[in-house]
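Next come the chains, spelled out residue by residue.
Number of protein chains: 2
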Amino acid sequence: MPEFLTLLPPDEARALLLSHLPGPIIDSETIDVVSSLGRVLAEDVVAPHSLPEFQRTTVDGYAVRASDTFGASDSMPTYLKLIGEVPMGEAPAFEIAPGQCALIHTGGVVPLGADAVVMLEFTQSAQENEIEIFRAVAGSENVLGIGEDVIEGQIVQAKGSLMRPAEIGGLIALGILKVKVVRKIIVGLISTGDEVVHPSKSTLPGQVRDVNSFTLAALVEQSGGIARAYGIVPDSFDVLTASAVNALSECDMVLITAGSSASARDLTADVIRSLGEPGVLVHGINIRPGKPTILGVCNGQVVIGLPGNPVSALINGYLFVVPVIETLLGMLPKPKATLLARLTVNLPSQAGREDWWPVKLLRPEPIPAGADSTSFPEGKVEYHADPIFGKSNLIFTLASADGLLRIPPDATVLSSGEMVEVILL
Amino acid sequence: MPEFLTLLPPDEARALLLSHLPGPIIDSETIDVVSSLGRVLAEDVVAPHSLPEFQRTTVDGYAVRASDTFGASDSMPTYLKLIGEVPMGEAPAFEIAPGQCALIHTGGVVPLGADAVVMLEFTQSAQENEIEIFRAVAGSENVLGIGEDVIEGQIVQAKGSLMRPAEIGGLIALGILKVKVVRKIIVGLISTGDEVVHPSKSTLPGQVRDVNSFTLAALVEQSGGIARAYGIVPDSFDVLTASAVNALSECDMVLITAGSSASARDLTADVIRSLGEPGVLVHGINIRPGKPTILGVCNGQVVIGLPGNPVSALINGYLFVVPVIETLLGMLPKPKATLLARLTVNLPSQAGREDWWPVKLLRPEPIPAGADSTSFPEGKVEYHADPIFGKSNLIFTLASADGLLRIPPDATVLSSGEMVEVILL
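Chains as they are written, first to last, in this note's numbering: chain U, 6 to 430; chain Z, 6 to 430.
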């Protein structure tokens, strides 16, 4: 069985694959900012004007000249003449002269002449049109200056940013309603295997349903791509090649999930070799599950051969397909969602091999009131990471997992009680 | 300013709110499993048949009777008669009698009579129709039994499960193509504030654009809801009440973002009090930002008054709105995505108050090859958490943040160099 002559470490395999990409997709589309959640910016966004556009106060109180409040205290208040109230949503019609003040509400325009705001709680109405000030304020205290958030012409969102609720809010605040985003990455999915049938069919003895087209489609969708299914192809070089050529002409990248037998896997490698240069970059990765994964680039397009086993295909999808999609989208680096948890058992691994274990995350202690796990954690709630064992890679072990635990290549065991990092699914 | 007589701790405030919910939404809809990503199951899903449906092998090799291999070793191989090859996708037409074996590929049906599979690498073709076996196998070794993944009638996905790629795969593997999910939660959004204008308008001095309707809509969408906007309502009790009554009749819950002045915030509380029983549950939370947040339940429907400040509104949306949506969906508890990082500065806080700081997550060290942050981390990559300071809550401080750092109520400082938990945005 000279199937895998050299098994590359997963990080090296991934780096090799990404280094062969010609670069991010440059096609973009202009969409409404309100519909841009989860999309990636295709160009820098520049502020058309400063924000705030006017001097605003951040508190309820009295707009004053800071110098007028110098030395004011509880025992020695300053008295200022009240000349009016700043209306919300309008510039006040008056200016503040020395010795004067005006009532102002959070968000209101600081009148000309004034340079600070004394909070209401440090004031008192003395007599008609006179306000007692019990505390001195410094210049610009409780005042947001023009451009303190962003300045006209400043890059407010860089190309490659992911649009989240706050990014949407930032652009809306500037009156930007349209935005140029990278178009979605189109990923072709081909299933092979003489034993594989469409999920709508009832299975005969020996047949299994095509799971991979659907799990990978969901993964692609979750990662900013569009999945296009090319169906189940028989284990034939010519038919598989024709299907892959067709998929490559319509997609940015193609995933082939191989039939599970060794000969079916070899077939996938042969097909990838025939599709273009450089062809197969990696055939065999020192990882479990996923050893038979094939990474290829054919004339600038990524073609990945994933194992037929659904768990293996999906885990290797997280590890190798998602990074390609993110690279093609030109996404700026972002931290992955992880959770530190205490391992419940000893977990041995083979030296040199990277293992990925589906784990359940359990809370060993009673949950404090209000810190129900649908809400934010009460401080650092400690989770237990409980690996899900099974004879082989069974799809429901993954469906019941909260995350994946990595055993790095240089470890031969993770010990019970150790704190481990779990990648959330 | 007797605005907030008692400030509740955030966890207590959230627990009080959730305890007043009548229960999860029970309306469901039946959708295609392939379109169910991110939806929540409305009922338990039961396996219509066992999985695997037949005895399969997990390796390439020879199907044997385990007892025939007893004592086999490199120096003392066992010889078995090869009677055929198991075809992929079909039940073999033969049985294995004592002293016999058959070639079998990963995923193939283990023939009747055989109870184990010897891996190909521990065998050798001796002479025609004879195989040398160099290793003994135990009964059921390298064989998946019927029902080893799931057994017919077993609950494979519980009500309240979130549909992720693996859950989709599990149901597809069982031939389940339709699934009953909880309908999406409809959240009505009302903006108030005489200074607030629609983002398509250019602003006059003193005016700001309505950001909250859009950030909260994105948050709702991200959390499994549908946002319905009711526009910008003037600071008038009658008009705001009419708008809220209308929204409550069409939605599951309503969010009112108050104008930023104290009187506008009081108006929101008065309106919520008038909408039904018990009305305002919490008015004032010991949190920054978000002290003026109002939590209410009116005749079984949640009404939340959020501060007008966009950062404050969004952070309190994460803290109070998302848990309500998840509770209404009946979602099973799941861990939140967090990341442990080293704090770069001292961060003081007021005793008793919970603070949420937008932070940037930075990687202090050069990134190892292949562990580019678009991919999975090379072991435990340590991040630095760098709080984003700003005079007030500026929307672009949040738009440039990777996550939120919590300073718990009992802490008066988080120290530079401390490991802190960051909630990813």
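Rather than coming from a laboratory, the hints here were simulated on the basis of the structure.
There could be a bad hint or two in this list.
No copy is singled out in the list; a pair is fine if it fits within one copy or between any two copies.
Simulated pairs of lysine to aspartate or glutamate, EDC-like, Cα-Cα distance not exceeding 20 Å [to be verified]:
id	residue 1	residue 2
1	K185	E137
2	K341	D199
3	K341	E426
4	K365	E90
5	K339	E426
6	K206	E226
7	K339	D49
8	K164	E255
9	K341	D243
10	K86	E17
11	K339	E387
12	K206	E100
13	K296	E153
14	K206	E157
15	K365	E153
16	K339	D32
17	K296	E126
18	K339	D391
19	K365	D243
20	K185	D275
Outcome of the hint check:
For the identical chains of this complex, K185 and E137 are neighbours neither inside a copy (53 Å) nor across copies (65 Å), given an alpha-carbon limit of 20 Å. For the homomeric pair K341 and D199, neither the shortest alpha-carbon distance inside one copy (37 Å) nor that between copies (41 Å) is at most 20 Å. Taking CA atoms no more than 20 Å apart as the test, K341 paired with E426 passes in both settings, with 11 Å inside one copy and 14 Å between copies. In the homo-oligomer, the alpha carbons of K365 and E90 never lie at most 20 Å apart, since the shortest distance is 59 Å inside one protomer and 40 Å across protomers.
Proximity of K339 to E426 under the C-alpha cut-off of 20 Å is found in both arrangements, the shortest distances being 17 Å within a copy and 16 Å between copies. In this assembly of identical chains, the alpha carbons of K206 and E226 never lie at most 20 Å apart, being 25 Å within a copy and 35 Å across copies at closest. In the homo-oligomer, the alpha carbons of K339 and D49 lie at most 20 Å apart inside one protomer (17 Å), although the nearest pairing across protomers, at 35 Å, exceeds that limit. Proximity of K164 and E255 under a CA criterion of 20 Å is satisfied in neither setting, with 26 Å inside one chain copy and 39 Å between copies.
For a Cα distance limit of 20 Å, the shortest separation of K341 from D243 qualifies neither inside one copy, at 40 Å, nor across copies, at 47 Å. Proximity of K86 and E17 under a CA criterion of 20 Å is satisfied in neither setting, with 73 Å inside one chain copy and 44 Å between copies. Taking identical chains as interchangeable, the C-alpha atoms of K339 and E387 lie at most 20 Å apart only when they sit on different chains, with a minimum of 13 Å there against 24 Å within one chain. With identical chains, the CA atoms of K206 and E100 are never at most 20 Å apart, being 79 Å at best within one copy and 27 Å at best between copies.
Within a single copy, K296 and E153 get their C-alpha atoms no closer than 53 Å, and across copies no closer than 23 Å, so neither meets the 20 Å cut-off. For the identical chains of this complex, K206 and E157 are inter-copy neighbours only, at 18 Å across copies versus 60 Å inside a copy, given an alpha-carbon limit of 20 Å. Taking the closest pair of Cα atoms, K365 and E153 come within 20 Å of each other only across two copies (19 Å); inside a single copy the shortest separation is 46 Å, beyond that limit. Taking the closest pair of Cα atoms, K339 and D32 never come within 20 Å of each other, the shortest separation being 22 Å inside a single copy and 37 Å across copies.
Taking the shortest Cα distances, K296 and E126 sit within 20 Å of each other only across copies (16 Å), while inside one copy they are farther apart (68 Å). With identical chains, the CA atoms of K339 and D391 are at most 20 Å apart between copies only, with a shortest distance of 14 Å across copies and 27 Å within one. Within a single copy, K365 and D243 get their C-alpha atoms no closer than 43 Å, and across copies no closer than 51 Å, so neither meets the 20 Å cut-off. In this assembly of identical chains, the alpha carbons of K185 and D275 never lie at most 20 Å apart, being 40 Å within a copy and 42 Å across copies at closest.
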